[in-house]
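> Going line by line, the protein sequences match chains A and B. Numbering-wise, this note's numbering puts 281 at position 281 of the first sequence, and it's gapless, one number per residue. Numbering-wise, this note's numbering puts 150 at position 150 of the second sequence, and it's gapless, one number per residue.
Keep in mind the hints are simulated off the structure, nothing from the lab. It is possible that some hints are incorrect.
Pairwise CB distance ranges (calculated) [unchecked claim]: (1) A:Ser54 x B:Lys65: 54 to 62 Å; (2) A:Leu426 x B:Gly240: 57 to 65 Å; (3) B:Ser227 x A:Gly320: 36 to 44 Å; (4) B:Thr59 x A:His321: 39 to 47 Å; (5) A:His135 x B:Leu115: 54 to 62 Å; (6) A:Ala77 x B:Leu63: 54 to 62 Å.
Pulled a few chain B residues facing chain A out of the computed Cβ check, cut under 10 Å [what the hints assert, rightly or not]: (7) Ser71; (8) Lys106; (9) Glu235; (10) Gly240; (11) Ile244.
All residues carry an ideal CB built from backbone N, CA and C; glycine is no exception.
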Amino acid sequence: MSTIDYIKEHFDRLQSAEHSSSLQAIRQQAFQAFSKWGIPTVKHEEWKYTRISSLFNKAYQLPPLQEAVTVSPADIASAFLPGHEQANALVFVNGLYMPSLSVIRSAGLRVIPLEDAASGEFKEVVAKNLGHSRHYLKDGINALSTAFLQGAVFMHVPKGCTLEHPVYIYNITDARSASILAQPRSLVFVQERANVEIVETFATLGMTDSFTNQVMEMVVEQDAVVEYYKIQNDVSHATLVSTTHIRQTGKSEVHTVTISLGEGIVRNNLNMVMDAERCESHLYGLYLQQGNGHIDNHTIVDNVSPNCYSNELYKGVMDGHATGVFNGKIFVRQDAQKTNAYQSNKNILLSDNASVNTKPQLEIFADDVKCSHGCTVGRLDDEGLFYLRSRGIREKIARSLLLHAFAVDVLEQIKNGALRQYIDKLIEERLEIDQL
Amino acid sequence: MLSIQNLRAEIEGKKILKGINLDIKPGEVHAIMGPNGSGKSTLASVLAGREDYDVTGGTVSFLGKNLLELSPEDRAKEGLFLAFQYPVEIPGLTTTNFIKTAVNEKRKYHGQEPLDAVAFLKLMKEKMALVNIDQSLLSRSLNEGFSGGEKKRNEIFQMAMLEPKLAILDETDSGLDIDAIRIVANGVNKLRNKENAVLVVTHYQRLLDYIVPDFVHVLYNGRIVKSGPKELALELEERGYDFIKNEFPVSEEV
Numbered sequence: 001m002s003t004i005d006y007i008k009e010h011f012d013r014l015q016s017a018e019h020s021s022s023l024q025a026i027r028q029q030a031f032q033a034f035s036k037w038g039i040p041t042v043k044h045e046e047w048k049y050t051r052i053s054s055l056f057n058k059a060y061q062l063p064p065l066q067e068a069v070t071v072s073p074a075d076i077a078s079a080f081l082p083g084h085e086q087a088n089a090l091v092f093v094n095g096l097y098m099p100s101l102s103v104i105r106s107a108g109l110r111v112i113p114l115e116d117a118a119s120g121e122f123k124e125v126v127a128k129n130l131g132h133s134r135h136y137l138k139d140g141i142n143a144l145s146t147a148f149l150q151g152a153v154f155m156h157v158p159k160g161c162t163l164e165h166p167v168y169i170y171n172i173t174d175a176r177s178a179s180i181l182a183q184p185r186s187l188v189f190v191q192e193r194a195n196v197e198i199v200e201t202f203a204t205l206g207m208t209d210s211f212t213n214q215v216m217e218m219v220v221e222q223d224a225v226v227e228y229y230k231i232q233n234d235v236s237h238a239t240l241v242s243t244t245h246i247r248q249t250g251k252s253e254v255h256t257v258t259i260s261l262g263e264g265i266v267r268n269n270l271n272m273v274m275d276a277e278r279c280e281s282h283l284y285g286l287y288l289q290q291g292n293g294h295i296d297n298h299t300i301v302d303n304v305s306p307n308c309y310s311n312e313l314y315k316g317v318m319d320g321h322a323t324g325v326f327n328g329k330i331f332v333r334q335d336a337q338k339t340n341a342y343q344s345n346k347n348i349l350l351s352d353n354a355s356v357n358t359k360p361q362l363e364i365f366a367d368d369v370k371c372s373h374g375c376t377v378g379r380l381d382d383e384g385l386f387y388l389r390s391r392g393i394r395e396k397i398a399r400s401l402l403l404h405a406f407a408v409d410v411l412e413q414i415k416n417g418a419l420r421q422y423i424d425k426l427i428e429e430r431l432e433i434d435q436l
Numbered sequence: 001m002l003s004i005q006n007l008r009a010e011i012e013g014k015k016i017l018k019g020i021n022l023d024i025k026p027g028e029v030h031a032i033m034g035p036n037g038s039g040k041s042t043l044a045s046v047l048a049g050r051e052d053y054d055v056t057g058g059t060v061s062f063l064g065k066n067l068l069e070l071s072p073e074d075r076a077k078e079g080l081f082l083a084f085q086y087p088v089e090i091p092g093l094t095t096t097n098f099i100k101t102a103v104n105e106k107r108k109y110h111g112q113e114p115l116d117a118v119a120f121l122k123l124m125k126e127k128m129a130l131v132n133i134d135q136s137l138l139s140r141s142l143n144e145g146f147s148g149g150e151k152k153r154n155e156i157f158q159m160a161m162l163e164p165k166l167a168i169l170d171e172t173d174s175g176l177d178i179d180a181i182r183i184v185a186n187g188v189n190k191l192r193n194k195e196n197a198v199l200v201v202t203h204y205q206r207l208l209d210y211i212v213p214d215f216v217h218v219l220y221n222g223r224i225v226k227s228g229p230k231e232l233a234l235e236l237e238e239r240g241y242d243f244i245k246n247e248f249p250v251s252e253e254v
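Chain A extracted, bound-state conformation:
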């Protein structure tokens, strides 16, 4: 049986097993979209340089319908990020939220099953925002996530609440006994004047191939402040499509940093919908790739309302046979006068076999806006290298220092001290600066 047939069969089983679920209708709708679109191939404009369709020839297993804890706290300890002792921990295993492995430390933070939120007090919020990303990501892989809404969570940061602990989200894919297709899913509701830091990371256990298709959708209300970090450092046999879709419905501030260091295939979608006046958002990214790693960052900043500000800076260092994609869309709608939107993507290629495809894409329908974009792909600066060497610094170390210097302005955007140190250390190890 092909993976697609298996998916269909599994979907039918899920729907009949949970026939009274509040998510029944949206799943059905999404499955129809998936059936129509299928897994995106390189013919799909947004997937031109990232090939995932062939991966679906593998026999992936979707998670069983009943929640079964297959991993122990010890199994996932290695995935823990620094500062975890003081953080809230939301653990997903094979796409399903695991309350028994999760820890909620902050007063005010609520994490409940998505289907409960969809039928209870958050009914309206869910109805308005669950699946909102489909308006921007018209492909089968996004639809597939919604079609299999299962074990998903609704996270609520209430009005005026400043979470004193960050929220660490661990997306664990347990590929120790079988190839797994995991689809962790969350909807985050950050209410007025709330303040939250979210850190999302990914880890695959075991040696078989895995495919993780993660989607987070977020609503940010008036005067709320969100810091969002995505840390990717998974194994080479892991494939990840990671979507973060953030909608700002009131004047608010969102700060995101995406760090991609793994060697597998990674596709990130980061969407920022600025649906209210005077929103501010920051999108920073750093990718260091080697081996056969593939990193694809697709970002969308949609200026729906006037007077918004966005700044985007993605930087990459590509070695070996690594391939990279950057696609940055900025929409400025007709009403979005006085938009300030800036975008920059800079790449350094360290090897003749590494490559990057970078594409800024601005669609501006308002006339009183300030937008800029720029992208560069180049080699390490010879003049800088000679300068350092002329001071007695060995070439290898000089290269590392220059690459680290290149990465610094993105690293500086990590405001969580423990996390910053951890990422610095990973990067120093990668650049072999630690061997000085």
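Please build the complex by placing chain B on the supplied structure of chain A, with the hints as guidance.
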């Protein structure tokens, strides 16, 4: 200390140095002057090991070693220092971090333990005072947004930290006003002693008012065509480079 014999170098097939001979002994200050395009900066670059140039002939011995066989970093660690005409801006790397790495690389090369943070800071403070440079400048990204004077002062600070045997100053006065030249020259003079030597590469005589040379050499068309005492610099200033050009017309290389 430095002995250059019949040094020839070219870039992209264009012959620039056509047989340079020069001897520098410890404690001496030499100045190389010459019109634009005569090969002054090329000589400085070739000595520091810039790889854009092909050395096609001649020998350079530095403290008994064959300089041309050494990598740029090993030349530095053996005691050669080039103050750049255009110091490179490196956003994201602080001067402090950069110079600490350089100092410890040199120590390692000579079999010494790296300096710990306290010892490094002490050394840095001492040298900062010597060349009159501010701490705030050193904690910023290397040369990024520095004024011309700040960049050159930073070069001299690095020189102070690395304590070279031979310092080559490549057009250090270019783009500086007279006050900045004086500050930079004072720094260099404070670092001079009987053990080390300075090679000043300059177009104008004015820097030599402050760093007084023992010998002045005129480089023209890839050769040293005239050498003399410091008064030669004044003569050049007075008469311009034309008399050199007339005296030594460009002839085709055989």
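> Are the hints correct? Go through all of them and say.
We went through each hint and held it up to the structure:
Between A:Ser54 and B:Lys65 the beta carbons are some 58 Å apart, a value that agrees with the proposed interval 54 to 62 Å. In this structure the hint that A:Leu426 and B:Gly240 lie 57 to 65 Å apart at CB holds, the actual value being about 60 Å. The beta-carbon spacing between B:Ser227 and A:Gly320, approximately 53 Å, falls outside the hinted interval of 36 to 44 Å. The hint said 39 to 47 Å for the Cβ distance between B:Thr59 and A:His321, and at roughly 43 Å that hint holds.
As the Cβ distance of A:His135 to B:Leu115 is approximately 58 Å, the hint placing it in 54 to 62 Å holds. About 56 Å separates the C-beta atoms of A:Ala77 and B:Leu63, a value consistent with the hinted range of 54 to 62 Å. The restraint placing B:Ser71 at the interface with chain A holds, with a minimum CB-CB distance near 7 Å, inside the 10 Å limit. With 10 Å as the threshold, the beta carbon of B:Lys106 comes within range of chain A, its nearest partner Cβ sitting at about 5 Å, so the hint holds.
Because the smallest distance between the Cβ of B:Glu235 and any Cβ of chain A comes to about 33 Å, over 10 Å, the interface hint for this residue is violated. Hint on B:Gly240 is violated. Least Cβ distance to chain A is approximately 32 Å, over the 10 Å limit. The closest approach between the C-beta of B:Ile244 and any C-beta of chain A is roughly 30 Å, which is over the 10 Å cut-off, so the hint fails.
Comparing the model with each numbered hint stated earlier shows that hints 3, 9, 10, 11 do not hold.
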